[in-house]
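Chains as they are written, first to last, in numbering that gives the first Met the number 0: chain B, 0 to 140; chain A, 0 to 512.
Keep in mind that the hints were calculated from the coordinates and are not lab data. Source: prediction; values computed, not measured. Don't be surprised by glycine CBs; every beta carbon is placed ideally from N, CA and C. Treat each hint with caution, since some may be false.
[Claimed, not checked] What follows is a list of derived Cβ distance ranges for each label pair:
id, chain 1, residue 1, chain 2, residue 2, range
1, A, Val240, B, Ala56, 32 to 42 Å
2, B, Gly118, A, Ser320, 51 to 61 Å
3, A, Leu181, B, Glu67, 57 to 67 Å
4, A, Val247, B, Glu137, 43 to 53 Å
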Amino acid sequence: MRLERILVAVNGKDADVEAVKLACDLAKKSKAKVYVVYVIEVKRSLPLDAVIESEIAKAEKVLTRAEEVAADKDYEVETDLVQAREVGPAIVDEAMEREVSLILMGVTYKKSFGVFNLGRVIPYVLEGAPCRVLLCREPMS
Amino acid sequence: MANDWQPKLGDKVVRHPRVRLHHLRRVLGIPGLFSTAYGDVGSSIYYALGLVALVALGATPVVLGIAGILFVFTALTYAEGTAMFPEAGGSASFARHGFNDLMGFIAGWSLMFGYIVTISISAYTIPSYLGYFWEPLKSSPVVHTGAAMGIVFLLMVINTIGVRESSRLNFSLAALDIATQLLIIVLALLILFNPVVFWQRITGYWPSTTNLIFGVAIAAIAFTGLETVSQMAEETKRPQVRAPKALVLMTIVVLVIFAGISVSAFSAMTPAELGSSWATDPVAGIAHNLSAAIVPDELAKGFSEPAHQIVVAYVLGGVRSALPVLVALLAATILFIATNAGLLGISRLAFSLGRFQLIPAELSRVHPRSKTPYISIIVFTLIALVLQIPGFFGPDVFTNLGGLYAFGSMLSFALAHLSVLALRIKKPDVPRPFKLGWNIRIGSWDLPITAILGLLGTTAIWVVVLIIQPYSRWVGLAWMAFGFGMFFLFRWLRRVSPGQTDGSPTGVTGDKE
Numbered sequence: 000m001r002l003e004r005i006l007v008a009v010n011g012k013d014a015d016v017e018a019v020k021l022a023c024d025l026a027k028k029s030k031a032k033v034y035v036v037y038v039i040e041v042k043r044s045l046p047l048d049a050v051i052e053s054e055i056a057k058a059e060k061v062l063t064r065a066e067e068v069a070a071d072k073d074y075e076v077e078t079d080l081v082q083a084r085e086v087g088p089a090i091v092d093e094a095m096e097r098e099v100s101l102i103l104m105g106v107t108y109k110k111s112f113g114v115f116n117l118g119r120v121i122p123y124v125l126e127g128a129p130c131r132v133l134l135c136r137e138p139m140s
Numbered sequence: 000m001a002n003d004w005q006p007k008l009g010d011k012v013v014r015h016p017r018v019r020l021h022h023l024r025r026v027l028g029i030p031g032l033f034s035t036a037y038g039d040v041g042s043s044i045y046y047a048l049g050l051v052a053l054v055a056l057g058a059t060p061v062v063l064g065i066a067g068i069l070f071v072f073t074a075l076t077y078a079e080g081t082a083m084f085p086e087a088g089g090s091a092s093f094a095r096h097g098f099n100d101l102m103g104f105i106a107g108w109s110l111m112f113g114y115i116v117t118i119s120i121s122a123y124t125i126p127s128y129l130g131y132f133w134e135p136l137k138s139s140p141v142v143h144t145g146a147a148m149g150i151v152f153l154l155m156v157i158n159t160i161g162v163r164e165s166s167r168l169n170f171s172l173a174a175l176d177i178a179t180q181l182l183i184i185v186l187a188l189l190i191l192f193n194p195v196v197f198w199q200r201i202t203g204y205w206p207s208t209t210n211l212i213f214g215v216a217i218a219a220i221a222f223t224g225l226e227t228v229s230q231m232a233e234e235t236k237r238p239q240v241r242a243p244k245a246l247v248l249m250t251i252v253v254l255v256i257f258a259g260i261s262v263s264a265f266s267a268m269t270p271a272e273l274g275s276s277w278a279t280d281p282v283a284g285i286a287h288n289l290s291a292a293i294v295p296d297e298l299a300k301g302f303s304e305p306a307h308q309i310v311v312a313y314v315l316g317g318v319r320s321a322l323p324v325l326v327a328l329l330a331a332t333i334l335f336i337a338t339n340a341g342l343l344g345i346s347r348l349a350f351s352l353g354r355f356q357l358i359p360a361e362l363s364r365v366h367p368r369s370k371t372p373y374i375s376i377i378v379f380t381l382i383a384l385v386l387q388i389p390g391f392f393g394p395d396v397f398t399n400l401g402g403l404y405a406f407g408s409m410l411s412f413a414l415a416h417l418s419v420l421a422l423r424i425k426k427p428d429v430p431r432p433f434k435l436g437w438n439i440r441i442g443s444w445d446l447p448i449t450a451i452l453g454l455l456g457t458t459a460i461w462v463v464v465l466i467i468q469p470y471s472r473w474v475g476l477a478w479m480a481f482g483f484g485m486f487f488l489f490r491w492l493r494r495v496s497p498g499q500t501d502g503s504p505t506g507v508t509g510d511k512e
């Protein structure tokens with residue numbers, strides 16, 4: 000599998016770190032381009048282009064952290080911030096627009112009512128992404 | 000978007016805020032845009048017919064036809080304006096670009112009033128439909144109004160907390176709604192329609208001239224939702240092309256459905272019944288009478304084959320039992336969603352107006368945790384609740400809300416027409432991805448006839464409402480007076496001239512933590 004472009008979707012959870020590291024490792028072999036994307040979900044009671052300071056500050060922090068992780072791996076990533084109504088469709092759309100060959104996402108080990116739960120974004124991406132999707136799940140502990 | 004800047008040795012690294020790199024994920028296509036807007040427009044059929052019949056009696060189809068022509072003109076004006084400026088704000092945005100901030104404020108403030116009334120009236124109609132399951136919801140003013148206020152309050156809480164709304168649900172409901180309405184129209188035409196009776200019901204219940212004129216004004220409520228397309232344009236892929244297409248598609252569907260439902264209503268009952276017993280739930284009235292008229296065994300006799308007769312009788316029996324329940328549930332759901340859409344629309348509009356300093360940005364402050372514009376949601380919902388209070392004391396609230404909607408929407412639509420005309424004069428060279436045809440050439444200006452007629456029609460209706468409806472006149476003017484006071488005070492405090500416009504947003508209007 001030759002990777003030319005990798006999209007890492009981050010959301011500020013600890014699992015992002017491993018996902019970015021893994022993306023850098025995978026990209027190094029084929030000198031692939033790595034995009035790190037954070038999606039701000041805007042509620043329907045606001046216009047899509049509403050500037051929500053606290054969300055932007057959080058996104059900046061997350062993307063800066065991703066750049067630092069990549070720098071530690073001696074690799075350069077391109078970061079971007081997207082505003083959308085829903086995260087899942089935004090990630091899939093972003094992957095299609097950038098024609099990436101892999102979407103990489105970190106997964107936090109989470110249980111809801113005693114059952115392992117992937118949330119709503121990951122299943123959507125798994126179902127809708129046109130390319131390969133790689134999930135990097137955190138250890139249970 | 001690549002950031003080409005690279006640090007050099009000795010450079011002090013200053014991080015550029017990534018906010019410049021924001022880009023918006025526009026996901027709506029024509030179906031998504033249409034279904035969202037139809038949720039608004041299609042919902043009005045569940046109350047507009049009864050409201051219009053209450054005033055215009057036998058002239059209801061005529062009045063709806065006249066309002067339909069105005070709706071076409073207004074939709075065309077919105078198509079040109081939205082394609083030029085695909086941003087939240089609708090007529091307020093056109094007026095700001097075409098004139099100045101003051102005109103933008105007048106259009107936006109009156110539009111807000113229309114949204115508030117839509118919230119009140121949509122919620123007020125829900126208990127009537129649910130009355131099929133529990134009669135006091137329809138018959139008792141106290142229970143009816145209390146339930147309606149409870150619905151608005153519930154939506155206020157839900158939207159303040161912030162919930163996810165599925166666009167797939169919107170699409171499915173719009174499809175189910177259109178299918179049910181088409182089923183009602185087809186069945187009514189096949190089983191109930193009689194041209195002679197239909198004509199007698201129009202001529203025999205012809206209203207007074209004043210009621211006829213007020214009926215035209217109030218019929219505008221049948222066509223709420225035009226603004227929704229404009230509001231949603233900013234999240235539409237290729238809005239310059241798709242927003243006008245969605246508007247045209249919506250116009251065609253709405254006119255066909257409204258014409259069909261009017262004919263069905265007049266086939267199913269007299270205008271007096273429609274405007275009294277079924278005023279707040281006219282489609283339930285059609286379903287009720289249609290259901291009573293379906294005699295499966297009799298109708299099945301039209302088929303020669305015994306097997307066909309059995310199948311047809313079985314299907315018609317099912318339709319007869321299911322139709323009233325389906326209409327009650329579907330109407331309540333659609334109206335609930337429309338009430339919510341009104342609430343979302345007004346908070347988005349408030350944010351948009353706040354961004355251009357047309358109203359205080361504090362109104363659209365975002366809650367640090369829920370990320371919703373909680374102040375605008377709470378304030379405007381409370382106003383919608385206040386408008387419902389007269390419902391406890393009598394049924395006049397329904398007509399009065401219709402008049403208030405006509406006051407707000409007609410002023411806003413008139414300004415939309417005026418702004419599109421002004422833009423043709425002041426900014427003739429701005430690209431118009433959708434340009435209206437049928438123009439009159441005056442000097443070097445090409446002015447669209449539909450916008451001129453739309454302007455004259457909406458202005459005339461607004462003036463009529465002012466003259467013949469004291470409740471709408473005083474409540475509407477009080478709303479505008481309060482708005483003007485707030486606008487001038489706010490601009491004075493900000494040291495910005497009321498007429499000034501620089502066309503650029505103030506930037507951040509988000510939350511402060």
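Quiz item: Where does the structure disagree with the numbered hints, that is, which hint numbers, in rising order?
Solution: 2
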